[in-house]
Amino acid sequence: MAQPRVLVIGGGLAGLSATMRLAELGVQVDLVSLVPVKRSHSVCAQGGINSVNSLTRQQGDNEWKHFDDTVYGGDFLQHQPPVKEMADWGPRIVDLMDRLGVPFNRTPEGFRDQRRFGGTLFKRTAFAGATTGQQLLYSLDEQVRRWEVEGKVKKWEFWDFLEPVLDDAGRCRGAICQDLVTMQFRAFPADAVIIATGGCGLLFGRSTMSMVCNGSAVSRAYRAGAWYGNGEFIQVHPTAIPGADKLRLMSESARGEGGRVWVPKTPHDPRDPRDIPESERSYFLEERYPKYGNLVPRDIATREIFDICTNEGLSVEKDRLCVYLDLTHVPRETLDRKLGGILEIYEKFQGVDPRVVPMKIFPAVHYSMGGLWVDYEKSSTGGLVEGSPRNQQTNIPGLYAIGECDYQYHGANRLGANSLLSCIFSGLFCAPGVIASCDSGGKKAAEESSRLFDSGLRREEERHRALLVRTAGDENPYDLHQQLGNLMTRVATVVRRNDQLAAAYAEVCSLEERWRRCAVSDSGNWTNQNVVFTKSLGDMFPLAKLVLKGALQRDECRGAHYKPDFAMPGIHATDPVEKRREAEAWCDRFEANTRRWLKSTVAACGPGGEPEISYQDVDTSLTPPRPRLYGLVGGEEIEDVWKERQNAATVGGNAHKGPAAFAGATG
Amino acid sequence: MIRSVESTGHHDGGQPSQSPADHGGNGHSAPQRFVRVRILRQDAPGEESYWERFEIPYVANMNVISILQQVAAQAKSRDGRRVAPVAWDCNCLEEVCGSCTMLINGRTRMACSALVDRLLDESADEIELRPMSKFPVVRDLVVDRGRLFHSLERVKAWVPVDDSYDHGPGPRISPENQEDAYPLATCISCGCCLEACPQFTKIELVRREDESADDFEARRTAAFDAGFVGAHAISQAMLFNGHPTGKMIADERLTALTAQGGIQMCGNAQNCVAVCPKSIPLTRSIARAGRAATVWAIRKIFDR
Ligand SMILES: Cc1cc2nc3c(=O)[nH]c(=O)nc-3n(C[C@H](O)[C@H](O)[C@H](O)COP(=O)(O)OP(=O)(O)OC[C@H]3O[C@@H](n4cnc5c(N)ncnc54)[C@H](O)[C@@H]3O)c2cc1C
Ligand code: SF4
Ligand code: SF4
Ligand code: FES
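Line by line, the protein sequences give chains A and B. Be aware that the first sequence starts at 288, since it is given in this note's numbering, and climbs by one per residue. Be aware that the second sequence starts at 15, since it is given in this note's numbering, and climbs by one per residue.
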């Protein structure tokens, strides 16, 4: 029997860790990527990677707490067994990256230093300067290069994944890809295909993501029948630097070191911000949240900044939404010492010194919690069965998804520094199961008749040719992309309203219609970036639709998905009896909402390309969902009532079968 | 080699130029300013290169990437002809992926961090973009930097771990060692140092009609192996020779560095360090590598 051969699409953290592990286990790997893998988007991650460590352990931390923080932060929308397994693997993964040579910051004694990130009380985050993602990616890139020299890995850089190839039984047998230099097509027979192509920020036009994060590969798998989970959950970071080309991240630490957010009280005040007197400034976060000030939680900061610009019309600039983030009152020496790196980014790209002039910032799309639906096999201890071919497998046998492009680990909201972990974890952990799957597929893909691949090749060649001859159309793909991005940013990010979502859905359909009339300005067949972009734009519409439809249908607030019409306000009564009654009613409503909406959204691509949405129960068998009351008025009273109910349920022997907890769905 | 498609001239000076009528100034809002760029284009390897000029609406805080995005969107040259969009490489847009190196106003640098306002200060009337000259042009501003990554193979730029199973943490490392290593580890493989280096010369091979892909690959690799490895690879070799585990194959790296195309080719011109966008202390790495190579050569004589 021929050797198994695996095709990995994407060489970010997830794709590289899977490749390294597979090569080590003796499998021949083809690694396809739009850009040289060392230039993947993972290089952008600055903050760090989470895991329990010897220090936090002695302060009372453990893997269970990391698991619990993650599902609580994600508003309980993730299946719990995979998250538990990931938290358990955390320490091992950071140790491994340490051995691979990642220059983590050190304590005076030479141990790894750690910092604290949002959503936890422990210093769980290991970091390497201000470029942790880059350092992690490089160390995996180096190991994969080593395997390349050994002949175990073949890289196909500047190649575009176009479609998976399925056999008559519906099993994935490889893929069709295209060389972006010569524009040649090629079939890649494989016994399993792993998609590791990252996020889809380009759906929103500009974001904090890189230019290849266009979601095209995922969209193509979705059109071929793979399901997409939790598409409506998109994380928006409160502070990014608006740029004509990209929205660059401005780390939360700027506010941590005393940065104040404000807008002039006069809309679009033309004066130099330094000349605007205190009395004519609105420090709106400090005014609205006296207790937390500028350090309100991420989602609240995001919503308030968005609101003051869009609804109150107080954006600093007229043509561009932004507010001031002001550090000019902090001594220069402090700024240089504590924020040097990130202030340099601002200075480098804005050409303005933020130590002297207030920065202009605005929220930006940052992360997609949703992604390809993947399966898992639950173990008797509540984690996963290592080596099971079901782990990370999409609903198409033999087709896998890992990293930011799967929907598995972050639920309705991702905690900082958890993504790098989930990427490396899913990549390493899936490998033995993928191999088991290769062995179960019967005939090796290399032995398949070429007929299987020919029809895919012909379809893609035809699709490409049809685009090339469209030189006479009247639509410009770059303009259409901008319109799509503006629309999605306006209706499907921070605040969502049903009327707007419904209207936007219709508008996306009409943009897609207009896309069919796009003219390509380059009809050549050599390094034609124009036609590649136009193609990937076409693939954004199916994803945009499932994001909008998922958001439209989900009538609740959960994590990053916020609909003011369905928000659950706090309680305002002062009379103790009335207060109690309101708290009971609040908890009733919470439980009812959990029963109705604690479900994964699963989108399947219908025959006309429209998403068909269904809902699956979430496996909350390890810890029952509980309300997130952070900052809510009357939160203490609600918490009391909630605890009483939980205790009553426990006494009744029902600890894990509370009304809100569902039995394992897919596990 | 270089032909000009358009007539040059008619600079009206000043920066950036005011709206020409054919750009549809709508008359009532503030006049739109424009940025002029000239781009050295080439349709494919082996083809002649030629200049093409563009005029792009000025936006505050623009960088060269936003110019190129606009060039692609309008797909029209300054004299109004429809032209194919200019091809170029980019990804992160925050100077950390190393994709977007090009010659901007004659200097090798990253397009994403090249701000238009600053460039206009350098040359008020027109910004000039050219592909890197030390790598084969694929198309327009896109070059093939495969050789740069091959150099990393030559010096075995990795930590030779046994496997990826759990064996506990890596070695203890002092903060001084980490602070020494970290800057070297931030090399983004952009190739600026190679573009500027007088010892690093272009290797451009064309696949022969009768040559198989594998044969061509082998011929290319052999040519790369004979050429200078480059400052970036020397620096990476020093990074891994300074790591407690990486050091275990230090001799293999020194063998590579003292072989053909190794450290002895470096003329110490220090052009490399001056253009590195990440301010990597390349001269320090080169000096270290030189010393290590000498010591190692002497040791080899006595070991014989
Ligand atoms: C600015 C920023 C800062 C961040 N900071 C942190 C942090 O501090 N901590 C944290 O945990 N997370 C952070 N994140 C999130 C984290 O960086 C990403 O989620 C993670 O890097 C994604 O890795 P990946 O391997 O899934 O995909 P990526 O690194 O995005 O790689 C995708 C790969 O797929 C390839 N690809 C894509 N489409 C195709 C196609 N059609 N054909 C072929 N190949 C294709 C690409 O070429 C690339 O190689 C940050 C994100 C951003 C934007
Ligand atoms: S110092 Fe050496 S590597 Fe650097 S530019 Fe000069 S010759 Fe090239
Ligand atoms: S050493 Fe500097 S200039 Fe050379 S490739 Fe690395 S980052 Fe670029
Ligand atoms: S686009 Fe990444 S370095 Fe310029």
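No wet-lab data here; the hints were simulated from the structure. Note that CB positions come from ideal geometry on N, CA and C, so glycine has one too. Possibly wrong hints are sitting among the right ones.
Claimed, not checked - Which chain B residues stay away from chain A? Per the calculated CB distances, all over 10 Å, these:
#1 Q83
#2 C104
#3 I202
#4 A288
#5 V289
Claimed, not checked - Ranges between beta-carbon positions, derived for each pair:
#6 B:S293 - A:E748: 44 to 52 Å
#7 A:D466 - B:A74: 34 to 42 Å
#8 A:P395 - B:R132: 36 to 44 Å
#9 B:K261 - A:S727: 39 to 47 Å
#10 B:S147 - A:Y902: 29 to 37 Å
#11 A:V643 - B:K261: 40 to 48 Å
#12 B:S147 - A:S666: 14 to 22 Å
#13 A:S736 - B:R298: 54 to 62 Å
#14 A:D466 - B:R298: 35 to 43 Å
To be verified - Chain B is nowhere near these chain A residues, computed Cβ spacing over 12 Å in every case:
#15 E396
#16 Q637
#17 F877
Checked hints:
no.: 1; hint: Q83; result: violated (6 Å)
no.: 2; hint: C104; result: violated (6 Å)
no.: 3; hint: I202; result: violated (8 Å)
no.: 4; hint: A288; result: holds (18 Å)
no.: 5; hint: V289; result: holds (16 Å)
no.: 6; hint: B:S293 - A:E748: 44 to 52 Å; result: holds (47 Å)
no.: 7; hint: A:D466 - B:A74: 34 to 42 Å; result: holds (38 Å)
no.: 8; hint: A:P395 - B:R132: 36 to 44 Å; result: holds (41 Å)
no.: 9; hint: B:K261 - A:S727: 39 to 47 Å; result: holds (43 Å)
no.: 10; hint: B:S147 - A:Y902: 29 to 37 Å; result: violated (58 Å)
no.: 11; hint: A:V643 - B:K261: 40 to 48 Å; result: holds (45 Å)
no.: 12; hint: B:S147 - A:S666: 14 to 22 Å; result: violated (58 Å)
no.: 13; hint: A:S736 - B:R298: 54 to 62 Å; result: holds (59 Å)
no.: 14; hint: A:D466 - B:R298: 35 to 43 Å; result: holds (40 Å)
no.: 15; hint: E396; result: violated (8 Å)
no.: 16; hint: Q637; result: violated (6 Å)
no.: 17; hint: F877; result: holds (41 Å)
Going down the numbered hints, you'll see the structure goes against 1, 2, 3, 10, 12, 15, 16, while the others check out.
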